[in-house]
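Given the coordinates of chain H, assemble chain Y onto it according to the supplied hints.
Quick note, the sequences are listed as chains H and Y, same order. Position 57 (the first sequence) corresponds to 83 in our numbering; numbering is contiguous. Position 35 (the second sequence) corresponds to 25 in our numbering; numbering is contiguous.
Source of the hints: derived by calculation from the structure; they are not laboratory data. Quick caveat, the model's predicted, so the values are computed rather than measured. Don't take every hint at face value.
Covered stretches of chain H, as calculated for chain Y (at least 3 residues, CB under 8 Å) [what the hints assert, rightly or not]:
| id | segment |
| --- | --- |
| 1 | 57 to 71 |
| 2 | 117 to 129 |
| 3 | 132 to 138 |
Pulled a few chain Y residues facing chain H out of the computed Cβ check, cut under 7 Å [said to hold, decoys possible]:
| id | residue |
| --- | --- |
| 4 | 18 |
| 5 | 20 |
| 6 | 33 |
| 7 | 35 |
| 8 | 46 |
| 9 | 90 |
| 10 | 91 |
| 11 | 93 |
| 12 | 95 |
| 13 | 96 |
| 14 | 100 |
| 15 | 101 |
Sample of chain Y residues lacking proximity to chain H, with all beta carbon distances greater than 10 Å (derived) [said to hold, decoys possible]:
| id | residue |
| --- | --- |
| 16 | 38 |
| 17 | 51 |
| 18 | 52 |
Every residue gets a Cβ at the ideal spot worked out from N, C-alpha and C, and that includes glycine.
Below, each chain spelled out in residue letters.
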Amino acid sequence: AQKVTQAQTEISVVEKEDVTLDCVYETRDTTYYLFWYKQPPSGELVFLIRRNSFDEQNEISGRYSWNFQKSTSSFNFTITASQVVDSAVYFCALSAVNTGNQFYFGTGTSLTVIP
Amino acid sequence: EAEVAQSPRYKITEKSQAVAFWCDPISGHATLYWYRQILGQGPELLVQFQDESVVDDSQLPKDRFSAERLKGVDSTLKIQPAELGDSAMYLCASSSTGLEAFFGQGTRLTVV
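One chain only, chain Y, in its complex shape:
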């Protein structure tokens, strides 16, 4: 069964360091989402891609976060420099129709 792949599953980094997460969506899915989920809360959208174009990045803290999907397939989310408040689960999802989203297992980030 096709699934969204994310790596790494867990990441511990020191404050002010750079960190990157990778996502490979389900083959053929044009829409890709990055969500951040703080412990005890629901996921919140950081950025949405349609193919290689950014559709919505209004909630992305652009002073430290960046996201790219250069060939319209896999995607990378980067944080530089990481702050303590960035500790969260980072979830990637993809969709072919926009009518449902399939999520990866997420990357659990801890900033110390």
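Bound-form chain H, shown alone:
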């Protein structure tokens, strides 16, 4: 069975601070994909990044960076120099070929950036 855990329910930071959102996953599959989505108040889920299980290279995109560690089954997301526009709910998700590429989501972390 697939499972994604986001232990942080809510986080508040002051603008320009760095913040890390944690994601821990469980799967027995050897081939799987990990995702981060952003859900602003308007409701749509915005795709941020996908990593496959064979690529542990960390990735940086502007102020966003992702740290994938198979040894600890974690896929953490860091926002550097946070901005008010980063305020949203962030979801980590997992999909695997053996479960029909169905997406399994965590419960989300609500991030509030205070100006």
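Here is chain Y on its own, set in the frame of chain H:
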């Protein structure tokens, strides 16, 4: 930019009434998903289509929910009769490769 279209954006219905949601995926996307997101939780899959065929509907409450994608393009999700516990956001997503999913803006359902 191509996007997944959903309607209506908001729906208020009375308990025991029927309600339907529509989704038009990104053109060419063979896979279509319907997810339900209860407030404060992550989305959970209701049904997954590959073209017009159902791939997974194990979490769909079939006594009251139905979904169809007759021509393998757009899709309709129906609830009859609606119950108070059905109040949630209903999200449609589509994918061409299964490696990522693009979501619509969702339909926020309130059952009163």
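Here is what the structure says about each hint:
no.	hint	result
1	57 to 71	holds (count 7)
2	117 to 129	holds (count 8)
3	132 to 138	holds (count 3)
4	18	17 Å, violated
5	20	11 Å, violated
6	33	5 Å, holds
7	35	5 Å, holds
8	46	6 Å, holds
9	90	5 Å, holds
10	91	6 Å, holds
11	93	4 Å, holds
12	95	4 Å, holds
13	96	5 Å, holds
14	100	14 Å, violated
15	101	18 Å, violated
16	38	6 Å, violated
17	51	17 Å, holds
18	52	18 Å, holds
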